[in-house]
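Position one of the sequence shown corresponds to residue 5 (this note's numbering), numbered consecutively onward.
FYI, nobody ran anything at the bench for these hints, they're computed from the structure.
One or more hints might be untrue.
[Said to hold, decoys possible] Derived DSS-like pairs (lysine-lysine); straight-line CA-CA distance at most 30 Å: (1) K68 / K420; (2) K300 / K317; (3) K211 / K420; (4) K143 / K396.
Values in this document were obtained by computation on a predicted structure and should not be read as measured data.
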Amino acid sequence: MTTESESRPPPISEFVYDPTLPEHQPWCVQAPPVRNRMILTDLTVDFPEASSKVPANEPDVHPKARWRTLEFRIYTAVACVVLPIMAWIPISLSMCTSPTVPLHLLVKLLNTARLYTASNPNYQFFEKRLSPGWIPFRKVDNSDAQYRGFRNSFWLLTVLANAYLFIKFVWITSARSPPPSNLYLIRYNLVCSALFLIGLHGASLIKILLILTINFLIARLCRGSKAGPVLTWVFNGAVLFANDRYNGYRFGDILPSLSVLDSYQGAYARWHIVFNLTMLRLVSFNMDYYWACHAKDFPEYRHHRTTTYKERKASHPRHMYCYINYISYVLYPPLYIAGPIMSFNDYLWQHRRPMHIYARVAMLYFIRLLASLLTMELILHFMYVVAIKDTKAWVGNTPAQISMIGFWNLIIVWLKLLIPWRFFRLWAIMDGIEVPENMVRCMANNYSTLGFWRSWHRSYNLWIIRLILNTTLVFTFVALWHDLTFRLLAWGWLVSLFILPELIATYLLPASKYGTKRWYRHVCALGGVANVLMMMGANLVGFVIGTDGIQFFVRELFGTTQGLVFFGAACVCLFVGVQLMFEYREEERRRGIYRRC
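Start from the sequences, fold in the hints, and give me the full structure.
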């Protein structure tokens with residue numbers, strides 16, 4: 005008789021080496037083994053490490069699925085009732101006149117009164133922020149400046165990405181005898197980077213190259229000296245502050261005779277905004293070179309296999325940390341604007357030992373991107389919560405309505421980051437470069453502060469834990485790196501503070517000791533509810549309504565009887581949601597998937 009661990013289906017990695025393919029070919033059309041039908045865990049995006057890293061304390065046999073038990077049937081029924089109400093509240097607030105709600109009795113019970121009144125008096129305050137939409141009879145809330153830039157440039161970026169890939173395909177196929185590695189393509193990347201940045205930033209490319217050259221000289225001159233990391237951090241920190249202080253600098257302010265260059269600003273003049281990501285790559289290169297100077301040997305993996313993510317952290321011979329490779333890495337077009345972030349060592353290993361990425365993998369990822377885009381478009385056309393938030397058009401709203409304005413703003417924050425990251429990651433994948441997935445789970449599918457941090461901007465998290473260790477210092481740096489404002493600094497400190505309860509609870513009630521107790525899952529769910537409330541509060545402060553807005557929300561929530569009743573109902577709903585999240589992760593583990601988030 006076989007145990008459950010023996011019968012567990014082996015995980016399917018998206019990035020598999022096929023020895024029958026030519027070594028130089030980074031793109032293959034064969035698809036990996038496929039299942040006959042989609043399963044529940046396919047809803048979450050996969051990444052190679054999710055199936056390869058089995059936790060040391062992972063049991064061989066997992067509990068049986070609870071989906072068909074009475075308890076989880078009740079949870080599912082609650083979710084089926086509550087989720088439509090959560091969607092309907094912001095939709096009704098986004099209408100000029102609020103229609104009658106069929107479920108008005110239940111809505112009233114949940115303290116969402118005024119949803120079914122004849123008119124929406126706050127509509128006039130945010131209407132001016134709306135734009136004509138492509139869905140009939142609906143306007144679109146395109147007022148978020150960060151996402152508007154990507155949304156308005158989407159088709160141009162699509163054409164640019166396809167042109168880049170097509171020309172590179174011609175370049176590769178025209179080569180008479182391509183070498184076994186892809187190092188020869190680095191010069192192509194370098195030429196494309198120069199053309200790309202001239203069009204994007206114009207003459208500001210000179211400023212960028214000057215900063216990059218100084219950073220490179222710091223690494224090469226300091227070599228293995230401890231002064232190298234110190235000077236690297238000081239220089240790049242000073243550049244970030246100077247960029248913000250002087251708004252990217254003007255040639256005319258440096259030297260009046262150069263003022264003519266200020267007229268050539270390119271399609272996106274604010275190069276210093278994008279430079280925050282570039283700074284991470286500068287630090288990564290210098291630290292990788294510093295560690296290479298201390299490396300005693302350099303691995304040479306076999307030509308007939310690709311390397312794992314862990315292996316791609318290994319140092320290269322020192323001569324490979326040259327200026328051409330450095331510039332090609334820092335300004336690599338698919339990842340330059342928004343990431344995801346990868347280390348220099350990883351970038352170079354994937355040129356020395358090309359990844360073999362199946363066409364089906366890219367197609368499935370493309371479908372995920374389209375689904376995310378469509379979801380965002382539907383939200384922007386039917387929920388004007390960004391405009392409501394920006395104009396503070398929530399006067400007279402109930403605590404339930406105000407909370408849904410905040411919740412759906414967080415969903416939009418998640419989507420506005422997810423979509424560009426997936427777009428540029430898809431571009432890199434189609435170019436044969438595998439980069440970390442930035443958003444592993446939906447914003448609303450997190451109950452752990454630590455797990456949320458691992459899955460939100462994951463490539464940045466990998467960069468952080470590789471280079472910074474102290475928790476408070478980590479989140480302080482993260483906040484200042486995003487924007488030099490008190491609001492984000494408050495967010496960083498709040499996240500650092502909110503991690504403590506989870507760490508203390510994990511220490512006092514370890515799963516290894518109490519995991520088999522019947523009450524343990526329910527106590528953990530209560531802790532998950534507290535975590536969700538704290539995470540939502542911190543992110544509302546940092547990315548949505550700021551410190552003033554959260555004070556108003558807290559007064560409305562805890563200063564009225566209506567608010568307290570809603571808060572109690574919300575906690576019950578969150579408890580149900582956390583239980584469903586627990587079981588979803590158990591389902592993943594039953595299938596050999598370990599995402600650690």
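These are the hints, each one checked on the structure:
| no. | hint | verdict |
| --- | --- | --- |
| 1 | K68 / K420 | violated (37 Å) |
| 2 | K300 / K317 | holds (15 Å) |
| 3 | K211 / K420 | holds (29 Å) |
| 4 | K143 / K396 | holds (19 Å) |
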